[in-house]
Amino acid sequence: MTAKLARAVTGLAEACLGDHRREWALAMRTELDAAIDDGKPLTFAVGCLMGAVRDMPTHAEGRFTLTSHVVALGLFPIAAMLIVGTASGFPFLPSGHAGIAGWLAGSGAPSSLLTPWNRGFAPALAVLIWALIAGHLLMPWFIVERNWTRVGTLARVNSAATVTLFLFTGVLFLDMAFMVLPMAALAIELLASWNLYRWQADIFVDAPPGMAGT
Numbered sequence: 001m002t003a004k005l006a007r008a009v010t011g012l013a014e015a016c017l018g019d020h021r022r023e024w025a026l027a028m029r030t031e032l033d034a035a036i037d038d039g040k041p042l043t044f045a046v047g048c049l050m051g052a053v054r055d056m057p058t059h060a061e062g063r064f065t066l067t068s069h070v071v072a073l074g075l076f077p078i079a080a081m082l083i084v085g086t087a088s089g090f091p092f093l094p095s096g097h098a099g100i101a102g103w104l105a106g107s108g109a110p111s112s113l114l115t116p117w118n119r120g121f122a123p124a125l126a127v128l129i130w131a132l133i134a135g136h137l138l139m140p141w142f143i144v145e146r147n148w149t150r151v152g153t154l155a156r157v158n159s160a161a162t163v164t165l166f167l168f169t170g171v172l173f174l175d176m177a178f179m180v181l182p183m184a185a186l187a188i189e190l191l192a193s194w195n196l197y198r199w200q201a202d203i204f205v206d207a208p209p210g211m212a213g214t
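Our numbering numbers the first residue of the sequence shown as 1 and each following residue consecutively.
None of these hints come from the bench; they were simulated from the model.
These numbers were taken from a predicted model, which means no experiment stands behind them.
One should not assume that every hint holds.
Claimed, not checked - With a straight-line Cα cutoff of 25 Å, these simulated SDA-like cross-link-like pairs (lysine to any residue) come out:
#, residue 1, residue 2
1, K40, A3
2, K40, A60
3, K40, G74
4, K4, A27
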């Protein structure tokens with residue numbers, strides 16, 4: 001069991017090293033077998049991982065990998081905000097209402113923006129919002145995998161869902177302030193993914209378009 005865990009940690013260290021340190025990664029595999037024979041595979045593997053992480057900021061590929069993971073982690077709160085907003089009544093409560101938190105604090109019971117004539121659109125609005133949430137949750141995984149084909153496809157889907165939600169909000173005469181959060185989330189996501197794509201294109205100049213580094 002310890003040996004399997006050590007190999008997994010060493011594999012993570014190899015991924016951190018990337019193509020820039022391929023010879024080092026191959027040497028680690030050989031030395032890991034010796035460490036297993038000595039009975040200290042996990043200590044060796046952790047040391048390799050720490051060394052690989054310290055080495056990443058010293059070369060372009062490592063800096064790109066670190067940045068892409070930071071961006072991916074930074075996109076998760078966007079989905080979390082949409083989830084919390086939906087649980088608090090988004091987009092069915094007035095913009096000045098504090099949602100569930102405000103209700104618990106004694107600010108009054110929630111009052112829905114949906115009227116009898118437009119209440120039938122509530123399921124469609126909910127589907128659009130949860131589609132956006134799913135899209136924002138999937139985007140970080142594709143960014144980490146450097147699968148820019150799927151990133152581009154998902155960006156178009158998220159954009160279409162946001163525009164549709166914007167149109168629904170206007171047609172149903174809901175408070176347009178509700179669109180600030182999803183539109184800001186989409187703008188941040190598109191800007192971050194596009195800059196990462198351009199950065200990777202500069203690093204992996206010889207790789208096939210859309211699949212470099214995968």
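Going down the list of hints, with the structure as the test:
For a cut-off of 25 Å, the pair hint linking K40 to A3 stands: about 9 Å separates their Cα positions. About 32 Å separates the Cα atoms of K40 and A60, which puts this hinted pair outside 25 Å; it is violated. As the CA atoms of K40 and G74 are separated by approximately 36 Å, the hinted pair breaks the 25 Å bound. Restraint check for K4 and A27: the C-alpha separation of about 18 Å stays at or below 25 Å, so the hint holds.
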